[in-house]
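**Student:** Read top to bottom, the protein sequences are chains X and V.
Under the working numbering, the residues of the first sequence are numbered 1 to 114, in order.
Under the working numbering, the residues of the second sequence are numbered 1 to 114, in order.
Since the hints were made in silico from the structure, they are not lab data.
As the structure is a computational prediction, the values presented were derived from the model and not from experiment.
Just so you know, even glycine gets a beta-carbon here, dropped at the ideal spot from N, CA and C.
Do not take every clue at face value.
Label-pair distances were calculated between CB atoms; the ranges are [to be verified]:
#	chain 1	residue 1	chain 2	residue 2	range
1	V	D7	X	I60	26 to 36 Å
2	V	V114	X	T72	22 to 32 Å
3	V	K57	X	H10	30 to 40 Å
4	V	T38	X	T77	24 to 34 Å
5	V	P70	X	K58	38 to 48 Å
6	X	S80	V	G16	49 to 59 Å
7	X	N41	V	V114	13 to 23 Å
8	X	K58	V	E78	40 to 50 Å
For lysine-lysine, the following DSSO-like pairs were computed, each having C-alpha atoms within a straight-line distance of at most 30 Å [to be verified]:
#	chain 1	residue 1	chain 2	residue 2
9	V	K57	V	K14
10	X	K42	X	K101
11	X	K113	X	K58
12	X	K101	X	K68
13	V	K11	X	K42
14	V	K71	V	K57
15	X	K101	X	K58
16	X	K49	X	K69
17	X	K69	X	K101
18	X	K68	X	K49
19	X	K49	X	K101
20	V	K14	X	K42
21	V	K71	V	K11
22	X	K58	V	K11
23	V	K57	X	K101
24	X	K58	X	K69
25	V	K57	X	K49
26	X	K69	V	K14
27	X	K49	X	K113
28	X	K42	V	K57
29	X	K101	X	K113
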Amino acid sequence: AQSVTQLDSHVSVSEGTPVLLRCNYSSSYSPSLFWYVQHPNKGLQLLLKYTSAATLVKGINGFEAEFKKSETSFHLTKPSAHMSDAAEYFCVVSDRANAGKSTFGDGTTLTVKP
Amino acid sequence: DTGVSQDPRHKITKRGQNVTFRCDPISEHNRLYWYRQTLGQGPEFLTYFQNEAQLEKSRLLSDRFSAERPKGSFSTLEIQRTEQGDSAMYLCASSPGVTDAGYTFGSGTRLTVV
Chain X
1 AQSVTQLDSH VSVSEGTPVL LRCNYSSSYS PSLFWYVQHP NKGLQLLLKY TSAATLVKGI
61 NGFEAEFKKS ETSFHLTKPS AHMSDAAEYF CVVSDRANAG KSTFGDGTTL TVKP
Chain V
1 DTGVSQDPRH KITKRGQNVT FRCDPISEHN RLYWYRQTLG QGPEFLTYFQ NEAQLEKSRL
61 LSDRFSAERP KGSFSTLEIQ RTEQGDSAMY LCASSPGVTD AGYTFGSGTR LTVV
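The shape of chain V in the complex, shown without the other chains (with noise of 0.2 Å):
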C-alpha cells in the first residue's frame, strides 16, 4: 500500500485546452473524492464515487467537469475547455466507506491555466 497517487503532480495549459488527472486510491477504500483547493481557502468538495457509482456532485462542477472510476478502482478527472478561473490544486482523496474514518490525501495536481 502506497497510499492515494495522483498524477501528474503539475499541470500548465493554455486557456480552451482540455485536461485529464488521475487518481489512485488505496486499494482496501471503496470511497474516492476529489476536492478543489485555491489559495488561501480550504478545500472544496467537487464530487465523490462509492466504488464506480459517483453518488454526488457540487454544484462547482460545471458541465466541463467530469470525473469517472471505472471499475471502481483508480479516477479520473477531466475539465475540458479550461478556463483562467480552474487553475487550483486538485486533491483527492480516498477513505474506507465509514463516516469516521477520515481521509487519505493525495499530494495532489496543480493546475496552471495561461
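Just chain X, same shape as in the assembly (with noise of 0.2 Å):
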C-alpha cells in the first residue's frame, strides 16, 4: 500500500523568504514521487519528480526537493518565495505494485506575504 502525508495544511511565508513545505510517504516498493502545484482555477501542473536517479531534484519555478529514504520524506524546498507561489501544493506517491495510480496528499495552501 502507498500512502502520503503533508504535515502542514497552511503554510505562510513572506515574499522572499525560504518556502518549505514538508511530505512523509509510505511505500512497499521503490517509488515514484511527485510535487504537483494547483493555482486557483487552474488545472493541477507537474513541479518535480523523482524517480530513482538523483536524490535532490529541481523543478520549474525555482522549486526542489530532495528524496531521503532513511526519513521516509520528500519535502518542497524553494530559496526565495515570490507572489506568483501562492497555490496549493500536492505531494504525490506511485509505485510498480500500483502501475502507475497515484496517491495525493492532502495538500498544503501556500500563501505569500507581501
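Using the hints, put the two chains back together into the complex; each one sits in its own frame.
**Tutor:** Below, the structure written as C-alpha cells:
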C-alpha cells in the first residue's frame, strides 16, 4: 500500500523568504514521488518528480525537493518565495505495485505575504 | 498536442439526473485516469484505463458510476441518479504508461448537484 502525509495544511511566508513544504510517504516498493501545484481555478501542474536517479530534484519555477529514504520524506523547498507561488501544493506517491496509480496528499496551501 | 481536454467545465444538475463527462487525453498517452477532488482534499483515484481496457476501479466508484474508453482514445465518465454527495471536481489525467512519468491533467469538470 502507498500513502502520503503532508505535514502542514497551511504555510505562510513573506515574499523573498524561503519556502518549505513537508511531505512523508509510505510505499512497499521503490516509489516515484511527485509534487504538483494547483493555482486557483487552474488545473494541476507537475512541478517536479523523483524517479530513483538523483536524490535532489530540481523542478520548475526554482523549486527543489530532496528524497530521503531513511526519513521517508520528500520535502519541497524554494530559496525565495514570489507572490506568484501562492497556490495549493500536492505531494504524490506512485509505485510499480500500483501500476502507475498515484496517491495524493491532502495538500498544503501556500500563502505569500508582500 | 493541446494537452488534456475535459468537457464540460461546469455542470449543474438536479438530484436524480444522469450526467456524462468527456475527457480527451494527449494522443500519445495510453493511460487515462479519473480522479475526484472535493474542497480541501487531494484528488482521489476513481479508475484508470490502459488503452481501452479498464484495469482498476476504486471502491469509491459505486454502481452508479461507469467509465468507458472506446478504442483507447477519449473517455467518458457517467454518473446515474446523481446525489448531492457527488458534487465535486472530476479530474482526468493521462500519462505515457510508465510509473515515473507523472500525469498531465485536464482542467476538470465541476459538478454541482442541487
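**Student:** Against each hint, give a clear statement of whether it holds in the structure.
**Tutor:** Consistency of the hints with the structure:
1. The hinted window of 26 to 36 Å between D7 of chain V and I60 of chain X holds, with their beta carbons roughly 27 Å apart.
2. A C-beta distance of roughly 43 Å is found between V114 of chain V and T72 of chain X, which places it outside the suggested range of 22 to 32 Å.
3. One distance hint, 30 to 40 Å for the beta-carbon pair K57 of chain V and H10 of chain X, holds here, with the actual separation near 33 Å.
4. The hint said 24 to 34 Å for the Cβ distance between T38 of chain V and T77 of chain X, and at roughly 28 Å that hint holds.
5. Taking 38 to 48 Å as the suggested C-beta distance range, the pair P70 of chain V and K58 of chain X conforms, at roughly 40 Å.
6. About 52 Å separates the C-beta atoms of S80 of chain X and G16 of chain V, a value consistent with the hinted range of 49 to 59 Å.
7. At roughly 21 Å, the beta-carbon separation of N41 of chain X and V114 of chain V lies within the given 13 to 23 Å, and the hint holds.
8. At roughly 41 Å, the beta-carbon separation of K58 of chain X and E78 of chain V lies within the given 40 to 50 Å, and the hint holds.
9. Of the supplied pair hints, the one linking K57 of chain V and K14 of chain V holds, its CA atoms being roughly 26 Å apart against a limit of 30 Å.
10. The hinted pair formed by K42 of chain X and K101 of chain X meets the criterion: a straight-line CA distance of about 22 Å does not exceed 30 Å.
11. Between the alpha carbons of K113 of chain X and K58 of chain X the distance comes to roughly 24 Å, so the proposed pair stays at or under 30 Å and holds.
12. Distance hint between K101 of chain X and K68 of chain X is fulfilled; the C-alpha atoms sit about 22 Å from each other, no more than 30 Å.
13. Simply put, K11 of chain V and K42 of chain X have alpha-carbon atoms about 17 Å apart, close enough for the 30 Å limit, and the pair holds.
14. About 19 Å separates the Cα atoms of K71 of chain V and K57 of chain V, which keeps this hinted pair within 30 Å; it holds.
15. A hinted pair counts as satisfied when its Cα atoms are at most 30 Å apart, and K101 of chain X with K58 of chain X qualifies at roughly 23 Å.
16. Distance restraint check for K49 of chain X and K69 of chain X: the Cα-Cα separation of roughly 15 Å lies within the 30 Å cut-off, and the hinted pair is therefore satisfied.
17. Between the alpha carbons of K69 of chain X and K101 of chain X the distance comes to roughly 21 Å, so the proposed pair stays at or under 30 Å and holds.
18. Taking the CA atoms of K68 of chain X and K49 of chain X, the gap is near 14 Å; set against the 30 Å cutoff, the hint holds.
19. Between the alpha carbons of K49 of chain X and K101 of chain X the distance comes to roughly 15 Å, so the proposed pair stays at or under 30 Å and holds.
20. The suggested pairing of K14 of chain V with K42 of chain X holds, with an alpha-carbon distance near 26 Å, which does not exceed 30 Å.
21. The suggested pairing of K71 of chain V with K11 of chain V holds, with an alpha-carbon distance near 26 Å, which does not exceed 30 Å.
22. Annotation: proposed proximity of K58 of chain X to K11 of chain V is violated, straight-line Cα distance about 38 Å (limit 30 Å).
23. Restraint check: the Cα-Cα separation between K57 of chain V and K101 of chain X comes to about 11 Å, which is no more than 30 Å; the hinted pair holds.
24. Distance hint between K58 of chain X and K69 of chain X is fulfilled; the C-alpha atoms sit about 18 Å from each other, no more than 30 Å.
25. Distance hint between K57 of chain V and K49 of chain X is fulfilled; the C-alpha atoms sit about 25 Å from each other, no more than 30 Å.
26. With a CA separation close to 48 Å, the supplied pair K69 of chain X and K14 of chain V exceeds the 30 Å bound.
27. A distance of roughly 27 Å separates the Cα atoms of K49 of chain X and K113 of chain X; the hinted pair therefore holds under the 30 Å criterion.
28. For the proposed pair K42 of chain X and K57 of chain V, the alpha carbon gap of about 26 Å is at most 30 Å, so the pair holds.
29. Restraint check for K101 of chain X and K113 of chain X: not satisfied, since their Cα atoms lie roughly 35 Å apart, outside the 30 Å limit.
Taken one by one, the earlier hints fail for this structure at numbers 2, 22, 26 and 29, listed in ascending order.
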